[in-house]
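Chains as they are written, first to last, in this note's numbering: chain A, 828 to 1334; chain B, 140 to 531.
Any given hint could be a false lead.
Short derived list, chain A residues pointing at chain B, Cβ under 8 angstroms [said to hold, decoys possible]: (1) 963; (2) 1182; (3) 1197.
The set of hints was computed from the structure by calculation and includes no laboratory data. All C-beta atoms in this analysis are idealised placements derived from N, C-alpha and C, irrespective of residue type, glycine included.
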Amino acid sequence: MSAITSSRPVAVFMKGIVKKFPGVVANDGIDFRILKGEIHSLLGENGAGKTTLMNILSGFYQPDAGGILIDGRRVTFRSPKDALDHGIGMIHQHFQLVSNFTVAENIILGVPGPIRLDMGLLEKRVAELSDQYGLAIDARTRIHELSVGEQQRVEILRMLFRKVNILIMDEPTAVLAPQEIERLFATMRRIKDEGRSIVFITHKLEEVLEVSDYITVLRRGKVMSTVRPEKVREKDGVVSTELARMMVGREIILEVGKKSIKTKKALLEAKNLSVRGDRGELAVRDVSFSVRVGEIFAILGVAGNGQRELVEALVGLRPIEKGRILLEDEEIANHFDRISYVPEDRTSRGSVPDLSVFENFALTHRRLFSKGPFLSWKTVAEESRKLISKFNIAAASPTMKARQLSGGNLQKLILAREFFQSPYLLVAEQPTHGLDIGATEEVWQALLRQREQGAILLVSGDIKEALSLADSILVMFRGQVMDIISCDDEKGLERIGPLMAGLETKK
Amino acid sequence: MRVNLRKRLKPLPWPRYLITPASILAALILGVFLFLWVGVSPFRAYLEIFRGAFGSFYNFSEVLVRATPLILCGLSVALAGKMLIWNIGAEGQLVMGGIAGAGVALFLSPFIPGHLTIPAMILAGFLGGALWGFIPGLLRARFQVNEIITSLLLNYVAILWLEHLYFGPWRDPAGRGFPGTAMLPDMAWFPRLFGTRIHLGLLMGLIAASLIWFLLAYTRWGYEIRVVGANFRAAEYARMNITRSILWVMVLSGGLAGLAGIGETAGIHYRLQQGLAVGNGYVGIIVAWLGRLRPGSVVVIAVLLGGLMVGGDQVQISLHVPSAISLALEGAILFCVLGGQIFQEYQLHIESKSTGTRKSKVRRLTRVGWRGTGKPDEAVDRAKEGRLKTDP
Chain A
828 MSAITSSRPV AVFMKGIVKK FPGVVANDGI DFRILKGEIH SLLGENGAGK TTLMNILSGF
888 YQPDAGGILI DGRRVTFRSP KDALDHGIGM IHQHFQLVSN FTVAENIILG VPGPIRLDMG
948 LLEKRVAELS DQYGLAIDAR TRIHELSVGE QQRVEILRML FRKVNILIMD EPTAVLAPQE
1008 IERLFATMRR IKDEGRSIVF ITHKLEEVLE VSDYITVLRR GKVMSTVRPE KVREKDGVVS
1068 TELARMMVGR EIILEVGKKS IKTKKALLEA KNLSVRGDRG ELAVRDVSFS VRVGEIFAIL
1128 GVAGNGQREL VEALVGLRPI EKGRILLEDE EIANHFDRIS YVPEDRTSRG SVPDLSVFEN
1188 FALTHRRLFS KGPFLSWKTV AEESRKLISK FNIAAASPTM KARQLSGGNL QKLILAREFF
1248 QSPYLLVAEQ PTHGLDIGAT EEVWQALLRQ REQGAILLVS GDIKEALSLA DSILVMFRGQ
1308 VMDIISCDDE KGLERIGPLM AGLETKK
Chain B
140 MRVNLRKRLK PLPWPRYLIT PASILAALIL GVFLFLWVGV SPFRAYLEIF RGAFGSFYNF
200 SEVLVRATPL ILCGLSVALA GKMLIWNIGA EGQLVMGGIA GAGVALFLSP FIPGHLTIPA
260 MILAGFLGGA LWGFIPGLLR ARFQVNEIIT SLLLNYVAIL WLEHLYFGPW RDPAGRGFPG
320 TAMLPDMAWF PRLFGTRIHL GLLMGLIAAS LIWFLLAYTR WGYEIRVVGA NFRAAEYARM
380 NITRSILWVM VLSGGLAGLA GIGETAGIHY RLQQGLAVGN GYVGIIVAWL GRLRPGSVVV
440 IAVLLGGLMV GGDQVQISLH VPSAISLALE GAILFCVLGG QIFQEYQLHI ESKSTGTRKS
500 KVRRLTRVGW RGTGKPDEAV DRAKEGRLKT DP
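Can you make the complete structure from the sequences, with help from the hints?
Right, dumping it as structure tokens:
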């Protein structure tokens, strides 16, 4: 297979792509080549720039610099229509279907044709296409009656109907059950065998290894490398740590040397916990663990393996399907006020960008700072001024808008706020994601200081962060606990990479 | 050449508070063409409008009379808008406030001590409007029913009630067929100022504006309202009781519009009649938007729009221009101010030459789709731009 791939002609060449958004460079001079008849995986963490790059290729965004060559000719896409006219189509993570239209109506949507639609003929063509690619679906069903997996098939059919040569799929497996994933891969291979190309966006390593001909790893808007899966596959274990390192980008350092925890008293306990995800799938399956007083307990895993749903259940933002969560032997439902939460999503969950720094500081301490129904802004401003200097937050004044802070300073503001009342338990989700090294160090220091006050549940996708901070590490994969490893266990630590990638089986 | 909008990477190069005045100026320039078109000197027309509105004490008093219901309705819409709740029902809430207040004056005043009549009417007016705000509020908070639709439709219900009452059971038997209730008793008339038509309603509007400002700036609930409006997910994260807030905001919002209703009834008409539902509730939406949902700005905008209306009537008489001119000018101002707000976040980008694809070539390259070329899918980008969902 590999011999053929290398001699295939280039279908699309994206050259020097730069795309800036306010405050971020999403794509920083990316070169990306798609050959005819290949499945090319785009691998990277959240925010690495994968989706942005593909949104450019499919005409949703225009690049700030760089260009796209198709068959050696330069093209400019002003809209997804232009890209579709060139045979490039994208299936987004959130499907673009009209839910009370039928399958056939959705497939015809936006395609110019005769004024009188011959639905019978159309339905026949859809049936032919679905037979041809093993995408069983009834053209007359309405979208809202279909499962997510079936809706995805409609999206694929729609692209096939338009005869795209390059099909971009943004995290198509995130919403599928394992058997459905196998079916999807079979369809993808069939499309590939016809000489068409597929760009497969994902952050799941094992899928990448299974299906792709080429892998391009993106990190912080740049291409880290482009490799063939065979090259990284020599030994099963070695593979993914190497890919993981390219994704995460830091050398894995094994310098832990933290005092072990003396007390055995459990502060937080999760017992056989199951939680459903946004689409009703079981995102967390039968998870049990306990966090002891004075400990940093890390939940480590590649993004999208159920950590977010687990955390939301812990802090009461998502209902529990099955199992129990106990805080000091009592049901957690009555004690959410004793848990502080530093969400991954700093701007859309953890803060209100349009309000000032001190107003943001009051967000989770409203009762503390009010006398009767009135908020005492003077006290809030005084306290935030103190915290600004204590946490070294670069804010000109507390009246500055939160959106004017850099990512690192905003994160420090949120940490300062959540540490303020010395919480029993601090849940910190990807606390250093997107921060530079200096800010990362400061956040880590703050977390280590806080550890002595109570306990911290750290959710991270970054192995180095987990190893540097945690006393115990729980590795999560596909919503399940792969293993819980103590940081004194040198042998165990080596297994973390393969466990994260799901290459080693569950204990 | 192609013109499109791009998101600003850097903030606006000049202060944002200049955007609104600049937009109003742009609207007035558009108005110049309007006046030229109907054959009137724009300079004279603007001068007449200005003189008509602010030229004398009496004229200005009429502006304030006109502005009174606009202030209260503008506050009603603005308060709910702070929470991203769109109260299109101020008109109906105003009517219900008028009905409730007039009902108290007509039927209960014999049982109320004289000096308590007016306070009782104000309370009834507030509660009448509050009830009409509570219904869409409850539906929205508990069942996620879109409040834009429910509050709008309730307007018609309220207006039909009003008509039913003054044509039917509440009709003045001594009115010789005139559609309207009997005059309110004397002690129910709102006091007026210095022989003008300025009445107690203006004071209520100004007090309400200060209270709403204080509520939003200095109370915990006001802060929560602002957080819910600015970032719904953060409000959830901070464990705010969003359902309860929506409910109470709609009650308060309806009550404010209800006060406008009792003000018009007891301060101007002295009876329930056709002139109560003249669209003040809808103009309130414009006032709230132009005032960018700020209580203080709402007062200023209400007075300015009131001035435009009174001044517009003046040019209509003195220069014989159609009455639609002042409405058109109002529309131009709204259009320019709302349009101007786009430039806070976006900038114009002009591409000089077309480097795009030619259709004929495209068709040759790929025969796509049902017949010929494909069309872009629905505007997905809007969702990507991250417009917040507000459903709890």
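Comparing the hints with the structure gives:
Because the beta carbon of residue 963 of chain A sits about 22 angstroms from the nearest beta carbon in chain B, more than 8 angstroms, this interface hint is broken. Because the closest C-beta pair between residue 1182 of chain A and chain B is about 6 angstroms apart, less than 8 angstroms, the hint holds. Annotation: interface hint on residue 1197 of chain A holds; nearest CB of chain B at approximately 5 angstroms, less than 8 angstroms.
Consistency note: the structure conflicts with earlier hint 1 alone.
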